[in-house]
Amino acid sequence: MIEVIACAALEAALNRLLSLEPQLDAELHTSKHKVLCVELRDWQQSIALTYTGKQFMLFNQYTDPADCKISANVDTLMQLSNPSILTHLIRQDKLDLDGDLQLAQSYSNAFSNLDINWAEHLSRYLGDAPAQQIANCFQNAKVHRVSVSKTLQNTLSQLCQDELKVTIHPLELEQFKMHTRHVKNHTAQLEQRIHSLLNR
Amino acid sequence: MKESPQDTADFGYKTVDREEKASMVADVFHSVAAKYDIMNDLMSFGIHRLWKRQAIACSGVRKGHKVLDLAGGTGDLTAKFSQLVTDSGQVILGDINDSMLKVGREKLRDLGLVGNIEYVQMNAEALPFPDNSFDVITIAFGLRNVTDKNAALRSMYRVLKPGGRLLVLEFSKTDNEALSKLYDFYSFNLLPSMGKVIANDSESYRYLAESIRMHPDQETLKGMMDEAGFEQTTYQNMTGGIVALHRGFKY
Ligand SMILES: C[S@@+](CC[C@H](N)C(=O)[O-])C[C@H]1O[C@@H](n2cnc3c(N)ncnc32)[C@H](O)[C@@H]1O
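Chains A and B, in that order, are what the protein sequence lines are. Using our numbering, the letters of the first sequence map in sequence onto residues 1 to 200. Using our numbering, the letters of the second sequence map in sequence onto residues 1001 to 1251.
Each hint can be trusted.
Under the rule of at most 25 Å between Cα atoms (straight-line distance), these lysine-lysine pairs were calculated in the BS3-like manner:
#1 Lys1149/B to Lys1173/B
#2 Lys150/A to Lys94/A
#3 Lys54/A to Lys1066/B
#4 Lys1063/B to Lys32/A
#5 Lys1181/B to Lys1196/B
#6 Lys1066/B to Lys32/A
#7 Lys54/A to Lys1102/B
#8 Lys1021/B to Lys1035/B
#9 Lys1149/B to Lys1014/B
#10 Lys1035/B to Lys1102/B
#11 Lys1063/B to Lys1107/B
#12 Lys1021/B to Lys1196/B
#13 Lys54/A to Lys1063/B
#14 Lys54/A to Lys1107/B
#15 Lys1222/B to Lys1149/B
#16 Lys1181/B to Lys1014/B
#17 Lys1149/B to Lys1066/B
#18 Lys1161/B to Lys1149/B
Since the hints were made in silico from the structure, they are not lab data.
Pulled out of the complex, with its shape left as it was, chain A reads as follows (with noise of 0.2 Å):
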């Protein structure tokens, strides 16, 4: 129960933020109605998040399929913010990323570029001093929010290059280019060959 009450904590805070910030809306306009799950393997729970267009829902013990699923322990989340360790956590099975991966990315982008004034908030209710300290422990949060964001956009161009190998990495594009120069400086060599044979 205690996890159920959590969670709907959790989603009353959202919904406060999406009254304040109403840019949320168009950030998460494409995502809206798709499912965001995140299973925490240690804690045995799965959370899964989705935007109706009004409010966010947020729902524990999430069991059904969803639209973008992430898999780890939580300490594994955490190291999330290093990007270059992301296709090792996943081929050593900490780590599991299924569907569509923009939709993670649309929300951590949508919350990152958030620029919350909580001073302004709270002061509305603590008065300004205590306003102003817990602002700055949320700008601090906001620096690791930003980072988990740039972690995901990462993730996308990791996981092509390496497990898909549907985009090429900048160094194999380097290259690529070298050799096409080679190429070119090549065929541009014999056509003076030929050109000076013809002639002759």
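Fit chain B with the ligand to the given chain A structure using the hints.
This is chain B with the ligand only, laid out in the frame that chain A set:
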């Protein structure tokens, strides 16, 4: 002459004629309709919202689904489902009592929820829909008021699509003795007094307490669902078994 058991039904702790029960239940909800939501919050200390959100989490309701919120009353579940199914889906709020439906419709309209909700007066025992109509059916705190529960479960099974699921949220039996004593004291002493003070109607709230005790326990209800044809039937206890959420599928 002794009445045969088929002619009677329980109304709280009283035994009444089968035909009579429906209209007596109707009276109860006619008289509480206006104050229903506020009483719900007060009586359960707001916990009913947690029970309901768990039912929604287990419903798997998605965009495009067709959902029946049976005995939906003032529409707490419908409000959430309406947002989840979007305009490509539909939610039908079904209740036997037009006073409850009216309160529900006004409430949902005030919330700006229109377009994909239909309000239909119906008896759970004989649902007015063709076979295989719904992806999800919920009945929250409604089944114990229904006279013929088996007929109602069969009817729900019939109108459910193959692959669809039924969720029954209902008061149940707690096996924790201390909790059970506390709960008894609460529901038989405090509850009717609260009903008297707030809704000026202690009888309705006495019925509530009694009908909860008469309702089948977890295993019995699971058996009834199996009997009606449901498969993979499971239940989860909440708040120590004071409330249970049953779930069954039709394949
Ligand atoms: C306690 S309320 C529950 C309302 C709502 N589902 C909720 O959880 O707040 C029970 C509802 O069941 C309805 N009801 C009772 N018997 C019924 C029947 N046979 N068919 C359909 N609805 C019925 C009542 O009118 C009442 O609105």
